[in-house]
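Asker: Sequence:
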Amino acid sequence: MAVERIGLLGGTFDPVHFGHLRLAEEAREAVSLRQVIFIPAARSPFKPDRPLTDAHHRYQMLLRATYGNLAFAVSDIEIQRGGVSYTVDTVRHFAERMPDAQLFLIMGLDSLAEFPRWREPLQIIQYCQLLVGVRPGYEAEPILAALPEAIREAVRLIPSVPLDISASQLRTFAREGRTLRYLTPDSVIEYIQSHQLYKEV
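The numbering of the sequence shown is this note's numbering, which starts it at 2 and goes up by one.
Since the hints were made in silico from the structure, they are not lab data. Because the structure is a prediction, the values reported are computed rather than measured. Don't take each hint at face value.
In silico SDA-like pairs for lysine to any residue, Cα to Cα no more than 20 Å straight-line [as the list claims (entries may be wrong)]: (1) LYS48 to TYR60; (2) LYS200 to SER169; (3) LYS48 to PRO100; (4) LYS200 to ARG51; (5) LYS200 to ARG172; (6) LYS48 to ALA146; (7) LYS48 to VAL85.
What follows is a set of in silico ranges between Cβ atoms, one per label pair, in the way DEER data are often shown [to be verified]: (8) VAL32 to PRO117: 15 to 25 Å; (9) ARG98 to GLU142: 34 to 44 Å; (10) GLU177 to ARG98: 17 to 27 Å.
Built from N, CA and C at the ideal position, the CB exists for glycine as well.
All chains, please: the whole structure from these sequences, using the hints.
Answerer: Right under this line is the structure:
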């Protein structure tokens with residue numbers, strides 16, 4: 002029987018956009034993932050100075066963005082845990098609950114560059130392989146060369162369509178009253194508008 006492959010994609014998703022969704026789909030296709038689980042952080046250790054949109058709103062936007070895709074799911078494990086969200090705790094959680102699954106942690110190349118500074122990176126790669134999409138403006142080789150060998154061996158690069166979209170860009174557009182169409186799903190735009198999100202950032 003084939004081992005079930007599960008992808009984990011964490012982040013603040015403030016808000017979720019097509020760059021996140023496309024990366025998840027590319028990862029799913031690259032290694033035949035049965036499911037990609039989106040995991041919104043309660044609080045990011047890398048963005049301590051920026052107040053996040055309420056976790057409930059970020060979770061609800063993810064539910065709407067992934068609705069209808071049976072390969073996508075959303076977990077609120079980090080929100081329920083509260084406090085600063087550390088990936089090592091999250092991957093351990095899924096490894097314990099899915100002992101027969103092969104786990105893949107999905108990220109962009111920009112995140113990989115910072116990965117050695119994450120909490121317990123060597124422990125993380127005991128639980129999962131790193132699936133890394135290359136974002137526009139980044140070159141893989143210098144980043145890979147700078148990684149410790151153990152981490153480098155856990156990395157698998159995946160082809161990535163260059164969608165140069167950022168959540169901060171969407172927040173700015175929303176604050177300025179500019180359209181978000183074709184940057185994030187319409188259901189997310191409707192949620193942002195109905196809850197007046199990002200008006201004061």
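Asker: Look at each hint and say if it fits the structure.
Answerer: Do the hints match the structure? See the list:
| no. | hint | result |
| --- | --- | --- |
| 1 | LYS48 to TYR60 | 18 Å, holds |
| 2 | LYS200 to SER169 | 13 Å, holds |
| 3 | LYS48 to PRO100 | 32 Å, violated |
| 4 | LYS200 to ARG51 | 15 Å, holds |
| 5 | LYS200 to ARG172 | 8 Å, holds |
| 6 | LYS48 to ALA146 | 26 Å, violated |
| 7 | LYS48 to VAL85 | 10 Å, holds |
| 8 | VAL32 to PRO117: 15 to 25 Å | 23 Å, holds |
| 9 | ARG98 to GLU142: 34 to 44 Å | 36 Å, holds |
| 10 | GLU177 to ARG98: 17 to 27 Å | 43 Å, violated |
This entry does not satisfy hints 3, 6, 10, going by the numbered hints stated previously.
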